[in-house]
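Sequences are here, hints too, so could you generate the full structure?
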Amino acid sequence: MGKAGLELKKEILLALGKTPIIKDQKLTIEPNEWFAEIGNDYPALEKKYLRLEPTKTPMNKAKTEALASVRAHWLPG
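Here the sequence shown is numbered in my numbering, starting from 1 and rising by one per residue.
Honestly, the hints are just simulated from the structure, not real lab data. The structure presented is a predicted model; accordingly, all values stated were derived computationally and were not measured. Just so you know, even glycine gets a beta-carbon here, dropped at the ideal spot from N, CA and C. Some hints could be false.
Label pairs and their computed distance ranges (CB to CB) [unchecked claim]:
no. : residue 1 : residue 2 : range
1   : 64        : 11        : 37 to 45 Å
2   : 15        : 40        : 13 to 21 Å
3   : 5         : 65        : 19 to 27 Å
4   : 68        : 41        : 17 to 25 Å
5   : 34        : 8         : 32 to 40 Å
Here it is, written out as structure tokens:
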């Protein structure tokens with residue numbers, strides 16, 4: 001991979017966290033605060049989302065609105 005590819009990888013890594021360390025062929029980084037929040041909040045959000053997964057029955061209005069609420073929390077803006 002060329003230098004531009006390595007620079008891009010480094011830029012992506014530093015956007016996600018700091019102090020990248022490779023030990024025993026395994027990369028570890030200390031995540032930035034915003035990235036760590038995603039990891040901490042994800043299990044609860046995933047549980048809400050999976051509860052709203054479609055079944056063989058059609059979605060009703062309440063379930064559609066609940067799903068929109070979960071998506072809005074996940075993707076604010």
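Results for each hint:
no. : hint                : result
1   : 64 / 11: 37 to 45 Å : holds, 39 Å
2   : 15 / 40: 13 to 21 Å : holds, 19 Å
3   : 5 / 65: 19 to 27 Å  : violated, 45 Å
4   : 68 / 41: 17 to 25 Å : holds, 18 Å
5   : 34 / 8: 32 to 40 Å  : violated, 21 Å
Hint violations for this structure: numbers 3 and 5, all remaining hints satisfied.
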